[in-house]
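Listed in order, the protein sequences are those of chains U and Z. Taking our numbering, the leading residue of the first sequence gets 385, the next gets one more, and so forth. Taking our numbering, the leading residue of the second sequence gets 19, the next gets one more, and so forth.
Hints were generated in silico from the structure; no laboratory data involved. Take the hints with a grain of salt, since some may be wrong.
[Claimed, not checked] Chain Z is faced by these chain U residues, among others (derived, beta-carbon under 10 Å):
hint, residue
1, 386
2, 391
3, 392
4, 419
5, 427
6, 428
7, 446
8, 447
9, 448
10, 449
11, 456
12, 477
13, 481
14, 483
15, 486
Think of the CB as a built atom: it goes at the ideal place given N, C-alpha and C, for glycine as much as any other residue.
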Amino acid sequence: EPEVTQTPSHQVTQMGQEVILRCVPISNHLYFYWYRQILGQKVEFLVSFYNNEISEKSEIFDDQFSVERPDGSNFTLKIRSTKLEDSAMYFCASSETGTGNEKLFFGSGTQLSVL
Amino acid sequence: AQSVTQLDSQVPVFEEAPVELRCNYSSSVSVYLFWYVQYPNQGLQLLLKYLSGSTLVKGINGFEAEFNKSQTSFHLRKPSVHISDTAEYFCAVSPFTGGGNKLTFGTGTQLKVEL
């Protein structure tokens, strides 16, 4: 089965630093997402992206966050100035269509630790 | 808005025993329902989903779930578990309309299968 790949698997950064989390979605998918899970808490939706635009974003996704599809294969999440509370597992996902009834393909996640 | 409750954070069970993982949801609109599984060091994978029709849905690896509208529940069951079923299981919902693939997850249930 095709896979979504995420790099790096672990990222340690100092508070206030910028981080970029990278994802390669499945090649024929058109919709891309970022979710995150703070330790012991729920997996939370951050943002969805289609046709080079944000489709929807949650309250968590403030001005410190941005997403980009810099080329035909990568999808990135940038956190401009990290805070301690940004420490979480970040999951990238992709899907063929944007309907709410389809299967999302998730990557194995990037564990971000902000010190 | 939607919310998902998974009351059991951990469920220990012996191999070949049956198991039920509970999921209740709350929503002001109709939703699609999903169960995802996360094996160690892997991304979330779709186990099964309920869209409409028969309330009993079958998924991969011998799992099934039953949608109960009056109780707003979507419990996951397997008649005989295997060691390889040890993983974290997430229940999630997505609204029929306007939600795209903005999934709302529960906190997850860690299933631990013992010999």
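Starting from the hint list further up, note which numbers the structure goes against and sort them upward. Of the numbered hints given earlier, those the structure breaks are 1, 2, 3, 7, 8, 9, 10 and 11, listed in rising order.
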